[in-house]
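> One-letter residues, chain by chain:
Number of protein chains: 2
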Amino acid sequence: MTHAVINRLAAKPGRRDDVVGILLESGRAFDGNDDCLLYLVTEAADDPDVIYVVDLWTDEASHAEALQAAAIQDRVGEAMEMLEGKPEQIEVRVRGGKGVSES
Amino acid sequence: MTHAVINRLAAKPGRRDDVVGILLESGRAFDGNDDCLLYLVTEAADDPDVIYVVDLWTDEASHAEALQAAAIQDRVGEAMEMLEGKPEQIEVRVRGGKGVSES
Chain A
1 MTHAVINRLA
11 AKPGRRDDVV
21 GILLESGRAF
31 DGNDDCLLYL
41 VTEAADDPDV
51 IYVVDLWTDE
61 ASHAEALQAA
71 AIQDRVGEAM
81 EMLEGKPEQI
91 EVRVRGGKGV
101 SES
Chain B
1 MTHAVINRLA
11 AKPGRRDDVV
21 GILLESGRAF
31 DGNDDCLLYL
41 VTEAADDPDV
51 IYVVDLWTDE
61 ASHAEALQAA
71 AIQDRVGEAM
81 EMLEGKPEQI
91 EVRVRGGKGV
101 SES
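Those protein sequence lines, which keep their order, are chains A and B. The first sequence begins at 1 in the working numbering and counts up one residue at a time. The second sequence begins at 1 in the working numbering and counts up one residue at a time.
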């Protein structure tokens, strides 16, 4: 079943762009991964520190596997140091809509 | 500039499926609208009442215009009655990623 997560990250003051940069760079590893249906990196318009990432994967195992890649792990560690607290992960189930196929 | 919103809706107990149904049905109007890049209807895995909708549009005016369509307005009113409080709209700016083209 499609695995979907809305991630909310709060960067330390002044570090959001750095975190976004790492998320975009490390996310390039997903470009060639057919199991990644959507990896959408956004920043809150009304809060200078907050980032939202929307992940859609064909299934939970593929997502977990992609995150285990050594290159990703290094960058994730780097980004984590620039965050206030831990990322909040909201697990959601896709019900439908436009722009992303269900599986 | 791309207009992106993460919407959080809390349905009254037992009404989530009804609200999701209306969101999916009324969202079909966006299928033929090239300004709608993503309309993703999801439900929280850990809360039986919560719905998240991720909207991506080519620009804010197109999104606003699409929501003004009479058919949509009727259904939105219907769905609103099944909600606890008002939808929370988190405006976000797309920074990049996979699966949705930026504009």
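Hints listed in this document are in silico derivations from the structure and should not be mistaken for laboratory results. Warning: the hint list may mix true and false statements.
List of simulated lysine-lysine pairs, DSBU-like, C-alpha gap at most 35 Å [as the list claims (entries may be wrong)]:
1) B:Lys86 with A:Lys98
2) B:Lys98 with A:Lys12
3) A:Lys86 with B:Lys12
4) A:Lys98 with B:Lys98
5) B:Lys86 with A:Lys12
Bear in mind the structure is a predicted one, so any value in this text is a computation, not a measurement.
> Now look at each hint and say whether the structure bears it out.
Against the structure, the hints come out as follows:
1. B:Lys86 with A:Lys98: 23 Å, holds
2. B:Lys98 with A:Lys12: 25 Å, holds
3. A:Lys86 with B:Lys12: Roughly 30 Å separates the two Cα atoms, so the pair holds.
4. A:Lys98 with B:Lys98: 16 Å, holds
5. B:Lys86 with A:Lys12: 30 Å, holds
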